[in-house]
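**Q** What follows is the residue order along each chain.
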Amino acid sequence: MTLLLTLALLVIALMGAPLFVVICAGALLGFYSAGIDLSVIAVEFYRLAEMQVLLAIPLFTFAGYLLGESQAPQRLVRVTNAVLGWMPGGLAIVALAVCAFFTSMTGATGITIVAMGALLYPALKHAGYPDNFTLGLITTSGSLGLLFAPSLPLIVYGVLAQQLGIGEPISIEQLFIAGILPGLLMMVLLSGYSMYVARKLNLDLQPFAWRELRSALWQAKWEIPLPIVVIGGIYGGWFAPSEAAAVTALYVLLVEVIILREIRLRRLPEIMREAMVLVGAILIIVGVSMASTNYMVDAEIPKQLFEFIKEHVDSRAAFLMLLNLFLLVMGSVLELYPALVLGVPLILPIAYGYDIDPIHLGILFLTNMQIGFFLPPIGMSLVIASYRFNKPILEVCRSALPFFGLLVVSLLVITYLPWLSLVLLGRN
Amino acid sequence: MTSADRASALQRGLHALHRLEDLFLALMLAAMILTAAAQILLRNLFEWNFSWGDPLTRLLVLWVGLMGALVATRQNRHIAIDLVTHLLPARIRAGVQALTSLFAAIVCGVVAWYAAIFILDERGYGSAGLLGLPDWLLHSVIPLGFGLISLRYALHSLIRSHAAVTGTQDVAP
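Read top to bottom, the protein sequences are chains A and B. At position 112 of the first sequence (counting the first as 1) the number is 112 in the numbering used here, and the numbers step up by one without a gap. At position 85 of the second sequence (counting the first as 1) the number is 85 in the numbering used here, and the numbers step up by one without a gap.
So here's chain B without its partners, still in its complex pose:
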C-alpha cells in the first residue's frame, strides 16, 4: 500500500464517518419533530399523551445540540471572534489556528473527562430513566460529544500545524 493509497483510504474512512454523523443528526431531528407534534395532537384530541414524550423531546435537544456542535466543529463553524486572524499572513494564521484548536481540544477533553467520571458515578447508582433505559446511558452524550469534539480539534490542530510548518495550503477535512 503506497502512502497515496493510505491517504485515500483515510479520506474514504473520514467521509463515511461524516455521512454517519449527518445521518444520525437527521434521524434525531426527525424523531424530535414527530414526537413533539404527536404530543400536541394527542393532547388536543384525547386530552392525553405519552408521559415519556416531553422528557424525550427535551433529551433530544441535548443530543441534537451536541451532535450539531460536533458537525459544526468538523466544518469549523463555531461562533468565534474573527477580527484579527484574517488580517494575518497565511502561515502565521495557520499557526495561530493550530494553537487555538489545541486549546479547544484540551478544554473539551477536560470537560469530557470530568463528565465521564460523573456518568460512571451515576452508573454506580443504577437509576432508571426514560423508557426504562438507565440514566447514565441517556446522559452519556455529554462526555461522548465533548470527547469527539476534542478529538476533532486535535485533528484540526495537527493539520494547521502542518500547514504552518510547511507553508502548504491545506484542504480542510
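Just chain A, with the same shape it has in the complex:
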C-alpha cells in the first residue's frame, strides 16, 4: 500500500504537479496512516517563523535581484578585470570570479546565466575566446559559488540538518567555513584550464594599468564595501547570516535606488514581487518539508534504508561513490531546494551511519548539485544556456564537457579527502 501510494505520488510529480504539493501530500498521507491529527502540519509549517537564519533568504534574494537590475554587474566586471585582466586567461577568470560571487548571493537559480551571461558572453568573444569555450564557461559559471557565503542553499542544508539533530550540532557559520577550500579548489582548477586555453590561443594580453584600476574602483566605490561586509562579516563572525542579509538589503536599496538612482522607485514593487515569488517558491517547499521530515524520522524510514544499504554496501568508499551517483542524477532531475529537502533527511542519517561528518556531507551534497545542474542531457544550466544563447542543447553539452570533467575531478577530491572540508574547522 505504502509503495503504491509512493509510486502514485511519483507519477503525479512527473506529470508536473508542483513539488511542494507532492511533498505535502506525502506528509499528509503519512500522518494519516500513523493516526496523527493532521493539524500537526500547521505546527510543522510554523517552524518557518522560528528560525532567525531563514531571514537571510528573502533579504539576500531581494538584494541580488536589485543588483542584477542595476549597473553593478558591469562595474564589478570592470574592477575585477582591472585586477586580473593582465594574466593569460584573465578575462575568463574574471568571469568565473564574478559569477561565483553573484551565484553565492542569488543561489543557482539561472539568474547568473541570464544576468551575467548577457554581459560576459560578448566580452569573452570579443577578447578572442572560441565560441564553445565561452559557452561552456558561462554554463559552468551558472552554478559556481554555491559553497561560498552567503550561499542560501548551504543555509537551507544547515537548517535541515539542525532539524534532524544527528551527531553534534552544526552551525551555518561552520558550513560556510567548510566550503572555502572545496570552493576554491573548483575555482583554481577551472581558472587553470582557462589559462591553458588562453596560452594555447596566444590571445592578446591587456597590460596592467593603475589608472584603469583607480578609475574602475572609483566608479564602483559604492559597491566595493558590499563583498567586504558580506563575506568578511560572515566569515569574520561579526555578523550572523541574517544580520549580514539585513545590512546588505538596506545598503543595496539605498545605493542603487537613492544614491545612484539606477532603479526607479516605481519599479521597486515589481522587483520586490519578482524576488519574493522565488522566495515563496523556496520557503513553501522548506515549510512543508519540515512536516515530511518529521514523518520520515518518526516512521524510521532512514533507519530502514540504512539497514538495507548496509547489507549490500559494506565499505565507506563504495557508499560514497554510490551517493555521488545518486546525488548527481537527483541534481539534474530536481531543482536544488526540492533535492535538498527530500535528500537531506534520508541521506544524512545513512551517511552518519557510515561515519561521514554532517558538515562534509553538506559540502559533498552541494558540490554534486552544482555538477548535476549541467549533467547531460537535462541539467538545468544546459537548458537555460541553450535557450539564452540560442544554441542547440547538444552543442552546449559538448562545450561544457571539459569544465564538467574538471568539476568531477574536484568532486572526487572533495569526496575522498574530507580533510579539505574539515581542516579549517579543526574537525578531522
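Hints were generated in silico from the structure; no laboratory data involved. Please read these numbers as outputs of a predicted model, since none were measured by experiment. Every residue gets a Cβ at the ideal spot worked out from N, C-alpha and C, and that includes glycine. Keep in mind that a hint or two might mislead.
[Claimed, not checked] Footprint (simulated), chain B over chain A, 3 or more residues, beta carbon under 8 Å:
#1 5 to 18
#2 242 to 251
#3 280 to 289
#4 329 to 339
#5 354 to 367
With chain A's structure known, arrange chain B on it following the hints.
**A** Chain B in isolation, oriented as in the chain A frame:
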C-alpha cells in the same frame, strides 16, 4: 450586461486583486528590511533593541513566504519537474495540467482546513503574542495562505479543463 462586459469586469476585478497582492508583499518586505536593519543598528549603537523586533522579522518570513507562494501560484511559477509535459500535444497537456492543478487544490485545501481547525483551537486559549496581538491572528496566515493557494489552483484547473475540452489556447490569468 453582455457576457463580454461581464468578462472584462471579471478581468478588472482580478487585476485589482493582483495589484493588492503585490502591494501587500512589497509592504511586508519593506517592513522586514527596516525592522531587521533597525535591530542591528540599535544593538550596535546602544546595546539595546526592541524585544519584539526579532520575533517580528521571523513572523514576517512566514507571511512573506506564503504570500510569495500565493503570487507564484498565480504566475504558475512553483518549482516542478517539467520533463514530460512539454513533450505532449497542447490539448493533452492542458488536460494533464487541469488534473495536477486539481490535485494541488485538494492538497492545499486539506492543509488550509486542518490549519484552520488548529487556529480556532488556539483562539479558544486566547494567548497573546507579539505586540499584544493574539497568537491565533498572527498564525492565521497559514490557513489563509493555503486557502487562497487552493482557490488559485482550482481556478487554474477550471481554465485548463476548458482549454482541454475546447482546444482553445487560453490566456493565463
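**Q** Determine for every hint whether it applies to the structure shown.
**A** Comparing the hints with the structure gives:
Under a criterion of three residues with beta carbons nearer than 8 Å to beta carbons of chain B, the stated coverage of the region 5 to 18 of chain A is upheld, 7 such residues being counted. Proximity of the region 242 to 251 of chain A to chain B, defined as three or more residues with a beta carbon under 8 Å from a beta carbon of that chain, is established by the 7 residues found. Under a criterion of three residues with beta carbons nearer than 8 Å to beta carbons of chain B, the stated coverage of the region 280 to 289 of chain A is upheld, 7 such residues being counted. Look at the region 329 to 339 of chain A against chain B: 5 of its residues bring a Cβ nearer than 8 Å to a Cβ of that chain, three or more, so the hint holds.
Counting residues of the region 354 to 367 of chain A whose CB lies closer than 8 Å to any CB of chain B gives 0, so the stated coverage by that chain is violated, three being the minimum.
Consistency with the previously given hints fails for number 5 only.
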